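Asks: Given chain A, put chain B in place with the hints provided.
What follows is the residue order along each chain.
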Amino acid sequence: MRKIAAIAGITFKEAKRDRVLYLLFFFAAVCIVAARVLAILTVGDRVKIIKDVGLASISVFGILMAVLIGTSLVYKEIDKKTIFTLLSKPLHRAQFILGKFLGLVLTLFIMTLFMSVIFLALVYAHTFRIEWPMLVAIGYIFLEMVLVTAVAVFFSTFSTPILSSIFSLSFVLIGHLSWGLELLIRKMRAGFGKSLARVLYVFLPDLENFNFKTEVVHGLPIPSSIFLYSFLYGLCYTAFILGLAVLVFRRRDFI
Amino acid sequence: MADAVRIENLRKSFRLGFIPKTREILKDISFAVKEGEIFGYLGPNGAGKTTTIKCLLGLIHPDAGEISILGQPHFSYHARERLGFLPENPYFYDYLTGSEFLAFYADLFGLGRVEKAARIAGLLKLVGMERAAGLQLRKYSRGMLQRIGLAQALINDPRLVILDEPLGGMDPLGRKEIRDIIVRFRQEGKTVLFTSHILQDIEMICDHVAIIVGGRVVRQGALQDLVSEKVLFTEMTVAGLPPEAFHGLGENVSVQGDKVLLKVYEEGRVEAILSLVHDRRGRLVSLSPRTETLEDIFVETVSKQ
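Sequence lines, in order, name chains A and B.
Just so we're aligned, residue 1 is where the first sequence starts under my numbering, counting upward by one.
Just so we're aligned, residue 1 is where the second sequence starts under my numbering, counting upward by one.
Bear in mind the hints are in silico, worked out from the structure with no lab data behind them.
Among the hints, a few may not be true.
Per the computed footprint, the stretches of chain B lying under chain A, defined by three or more beta-carbons under 8 Å from a beta-carbon of chain A, are [to be verified]:
1) 91-98
2) 195-209
Computed cross-link-like contacts, BS3-like style, restricted to lysine-lysine with a CA-CA straight-line distance of at most 30 Å [to be verified]:
3) A:K16 <-> B:K34
4) A:K80 <-> B:K304
5) B:K125 <-> B:K34
6) A:K80 <-> B:K230
7) A:K48 <-> A:K213
Model, not experiment: these values are computed from the prediction.
Heads up, the beta-carbon is just placed ideally off N, CA and C, and yes, glycines get one too.
The following block holds chain A by itself, in its conformation from the complex:
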């Protein structure tokens, strides 16, 4: 555990030096604050606009941070050959991947925390209260970031940062559109096509499981079983992707 913590610590130190992180944070902050301007220009419930744009900004910029930082950090270790000294120590390759992943998660946690403070302060300035469903929505956005980080780390174990970023962003895109398959399965007749769609749906990510923005903005009730299901889904999918990353990384030669 101490070795994983050491790798996570060095990853956090390296990630927080990345200028891309601060650039994305700056744009996220601008977007969250711009929601206030947008609210003024809109007819209707201003707070809803602030909540909607604010949560969407945290989600979009958080995912971008996960992809851009996640895809470069493992690759950098290989490219700059720091991995040679690390893996010659009594350190399993799985410990290295897990340490990298946890360091990135820590970085994203702090960034999400900062973005959330700006967002919640803005909402508080309008409503004079903080509703717990907003915190839950942010929590699930963070869970999505964790999963995307695992995906970014997985791709970076065998690919360049540019390709890994494209693959990871495609994963996010597919993940947010795959719920359409669920609708399709319901409307299809039983047969090969339906079975194929089911198999596809099982393997393709469904990132809409982490999206509680609409419910929070409009104050709709959310059954607690959905929370639990989404949490377990995120946990299991992340573990599965990290497992794949370890498998690929273990077989890799470092030339």
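Replies: Showing chain B alone in chain A's frame:
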């Protein structure tokens, strides 16, 4: 004496290029390094030295062959706990200071706080980096990086130290200091396996050597068995006589002022030149017989392949 490293029939191929083509890098490599000795692993560029080291460290999976470190399989956790490694042209986390860098590696071995602090202080002193300990690695010169890299290789007080080109980029003084440290390892009972292009250094400190060419170990053994005492030629510098005077006696290498540098291949001719100098009232400035060196053996071996 037990073997610190044993490599048997090691083979490794890579598929390289846009249209992948298999290239065999290691072709049946076998050698053993005894505990407590300094072992030099030599070869021209691209011979497979670094690939062998990487196989040994588990960074590359061999296609065939067996590797053991201190009696354990090379991938074992236990074997890694007892070895230290310095790669060629090391690059480290450049935003860390020298002390932070060593502390990070100490954490990978699970050293306690007190032991870690003592070990770091001792190693900084050993490699002469005490004054640069608080400086970020990005501000280090290549030689300084090499020294701090050597310190990280020793953070666990290893029984086996593997050094890939440890003397590259060092000034003559730095090279001597690193050589002295390596010799001290032997006195402490550590085993050292190192690769180097600087053959004089290997000749000075190694007990055994192996020469690898084209992925094969072509020559190996104790240094004293490989390098003979045979005189290859004698270098003579003579003053006060014209170069033409030595025609047929020795090879005229250079003329500086009234001094002529000669290379003489036969012992009988050395005496003839000495008589000539005496008879014509010249002056002998220097005379040095050149025995066979590791470099001669290396050049001969590589050019034969």
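Asks: Hint by hint, say whether it matches the structure.
Replies: Evaluated hints:
1. 91-98: holds (count 5)
2. 195-209: violated (count 0)
3. A:K16 <-> B:K34: violated (46 Å)
4. A:K80 <-> B:K304: violated (36 Å)
5. B:K125 <-> B:K34: Judged against 30 Å, a Cα distance of about 29 Å means the pair holds.
6. A:K80 <-> B:K230: violated (46 Å)
7. A:K48 <-> A:K213: holds (10 Å)
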